[in-house]
Amino acid sequence: AQSVTQLDSQVPVFEEAPVELRCNYSSSVSVYLFWYVQYPNQGLQLLLKYLSGSTLVKGINGFEAEFNKSQTSFHLRKPSVHISDTAEYFCAVSDDAGGTSYGKLTFGQGTILTVHP
Amino acid sequence: KAGVTQTPRYLIKTRGQQVTLSCSPISGHRSVSWYQQTPGQGLQFLFEYFSETQRNKGNFPGRFSGRQFSNSRSEMNVSTLELGDSALYLCASQLAETAPYGYTFGSGTRLTVV
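In order, the protein sequence lines correspond to chains A and B. The first sequence begins at 1 in the working numbering and counts up by one. The second sequence begins at 1001 in the working numbering and counts up by one.
Among the clues, some could well be false.
Listed next, the stretches of chain A that the computed footprint assigns to chain B, with coverage defined by at least 3 CB atoms under 8 angstroms from CB atoms of chain B [what the hints assert, rightly or not]:
| no. | region |
| --- | --- |
| 1 | 39 to 51 |
| 2 | 103 to 112 |
Facing chain A, from chain B, some residues (calculated, C-beta under 8 angstroms) [stated by the list, open to error]:
| no. | residue |
| --- | --- |
| 3 | PHE1045 |
| 4 | ASN1056 |
| 5 | GLY1108 |
By construction, these hints were calculated from the structure, which means they are not laboratory data. These figures come from a predicted structure and were not determined experimentally. Idealized CB from N, CA, C, for every residue including glycine.
Generate the whole structure from the sequences, applying the supplied hints.
Right under this line is the structure:
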């Protein structure tokens, strides 16, 4: 069974500082990895995804993430955050096993990023 | 291109009632998944439909059901509502039949059971 662990439930940071949100996963098969952002009272917006190929993936709003297979990690980074980045961020995994994996994302518990002026 | 549309945005129901939520996927997307989001349990997978067939189901009681129509629109139904069913229900659609090339989520339906 898959599982996703987001290592920090809350991350406070000052505006223009760099940030890293950590995500570790466990799975016995090849996986696809995603980061989503959720603003208050809204749905989830896809920031970026790793399907295959280069382990460094770039997403929207200046975010990037690095897939590390040996450490089973997919940490999200941004070199300089803005007030508008304040939101909850979710790491998610889906496997390539077909069958019971159809349509299913397994999510971490979320990390609330708060950017202070 | 229109996104995933969920209706209604907000619902208040009484314990014991039933409720139906609707989801219209992005045009051309044939896979629709449903999730429940609560502060305590986080985001949990309910079920997935593709071409009117339920292909996958999460660990929820039989009170939670769904269906998909020929135009890919999907509905989920919760019968005999309990207080614990209060949650944000999210629908997601994707294009590909198998590989998860990218799930697009709707804004959700906020269900409050009183």
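Going down the list of hints, with the structure as the test:
no.	hint	result
1	39 to 51	holds (count 8)
2	103 to 112	holds (count 8)
3	PHE1045	holds (5 angstroms)
4	ASN1056	holds (4 angstroms)
5	GLY1108	holds (5 angstroms)
Of the hints listed earlier, there is not a single one the structure fails to meet.
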